[in-house]
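Undergrad: Sequence:
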Amino acid sequence: MSPDVAGPVSEVLQSGYVGQGHQVDRFEAMLQSALQTPYVATVNSGTSGLQLALHLLRRGPDGKPVLKGAPEAADGDEIISTPVTCTATNWAILADRFKIKWADVDPDTGNLDPEDVRRKLSPSTKAIIAVHWGGFPCDLAALRSVQEDCFDRFGFRPTIIEDCAHAWGSRYADLPLGGHGNLCVYSFQAIKSLTTGDGGCIVLPNQALDTRARLLRWYGLDRTNSKDFRCEQDVAEWGYKFHMNDVNATIGIHNLPHIEPLIEAQRQTAAHYDSALAGVAGVRLLASSDPDRVPKGVRSSYWLYTIRVDRRDDFICRMKERGIGVSRVHDRNDKHTCVQDFQTSLPGTDAFCGDMICIPCGWWVTPEQREYIVETLREGW
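For the sequence shown, position 168 (counting from the first letter as 1) is numbered 169 according to the working numbering, and the numbering increases by one without interruption.
Just so you know, the hints here were simulated from the structure itself, not pulled from any lab data. Predicted model only: the values in this text are computed from it and were never measured. Virtual Cβ for every residue (Gly too), placed ideally from N, Cα, C.
Across the chosen pairs, the derived CB separations fall in these ranges:
{"#": "1", "residue 1": "D5", "residue 2": "D342", "range": "45 to 55 angstroms"}
{"#": "2", "residue 1": "D63", "residue 2": "A277", "range": "51 to 61 angstroms"}
{"#": "3", "residue 1": "E238", "residue 2": "T367", "range": "44 to 54 angstroms"}
{"#": "4", "residue 1": "P258", "residue 2": "I192", "range": "15 to 25 angstroms"}
{"#": "5", "residue 1": "P66", "residue 2": "P9", "range": "33 to 43 angstroms"}
{"#": "6", "residue 1": "Y18", "residue 2": "Q208", "range": "19 to 29 angstroms"}
{"#": "7", "residue 1": "A191", "residue 2": "G64", "range": "33 to 43 angstroms"}
{"#": "8", "residue 1": "D275", "residue 2": "G8", "range": "33 to 43 angstroms"}
{"#": "9", "residue 1": "W219", "residue 2": "P296", "range": "37 to 47 angstroms"}
{"#": "10", "residue 1": "P258", "residue 2": "Q208", "range": "23 to 33 angstroms"}
Here are the simulated DSS-like pairs of lysine-lysine, each with C-alpha atoms no more than 27 angstroms apart in a straight line:
{"#": "11", "residue 1": "K193", "residue 2": "K297"}
{"#": "12", "residue 1": "K242", "residue 2": "K193"}
{"#": "13", "residue 1": "K102", "residue 2": "K69"}
{"#": "14", "residue 1": "K100", "residue 2": "K121"}
{"#": "15", "residue 1": "K100", "residue 2": "K65"}
{"#": "16", "residue 1": "K102", "residue 2": "K65"}
{"#": "17", "residue 1": "K193", "residue 2": "K321"}
{"#": "18", "residue 1": "K121", "residue 2": "K102"}
{"#": "19", "residue 1": "K102", "residue 2": "K336"}
{"#": "20", "residue 1": "K336", "residue 2": "K100"}
Construct the complete structure from the given sequences, taking the supplied hints into account.
TA: Next comes the structure, spelled out in structure tokens:
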């Protein structure tokens, strides 16, 4: 949290207006500049953004499809998703009354395996949710190929929704995530690199979707209309209470200018681990650690630094003894009773979730601390 935040937040609190107002407008303009797109709408959480993105798959009042070649979604349609994520990703699917079809992950990245996504396509597939695990971008070119394959087979292109909760500052093809023609959702929750206390944003690929998202985040009402928007407007499509307020926006306004050095610090710590942990017994590094396996123009935010280890329970105990906080962060979502009807064989997920662990990589990790972590891993467990 920037030290610049407290004063401006206090001013907003004392201003008599703390709802969605001019500070939200300012923050959205800053996000549009940072993400290099004019279509960014803030929301009150990344979870709300995901639910809104999924709602947009349904045909709107104008009768137009979400994107060119995209199918209209209806209750019971399938959304292909990964179980390796926060439950927010997949519970949003259920909240929008769709069915989950699990696709496997690549155990070398934790990201969706595009070839398994291809195998899971069906006439009921309406979208693919791609989570950028730890901030390392999914293979968007391969997923675009999957879209085209679906068009050849079934006559439509499923919409890609990118869950960018881990990925503020990540880049694919030298562009920020959100610049590749998909619907993208960021989280600004308390522990994210860019935080507004809580909040998020949805990045839209065109003006029509941006306009619709802005209506739906506030009950379906147009807050820019000069009419009394509560009493005189007609609601053509019902919506939600998903908007951001001026308090959270003010936090974002004063944190955003400081974010790049923090992400660069995370990258430096990750680069140190890439070098120092290579060849350590019992440790397997992910593909992101090998420059030859990282496509040109791809950069991770390293919100997480994930490794795979032998005897994970012993590893966790040893790290705890040495005062090092490690975590799986999220467990596989497909284990839960509420999604037992969607279970399927996922060998890549079995492998990844069986031995993955995240070690400290945040901007606050000092050079001395990361060296201590490396030495502890070298000692074994």
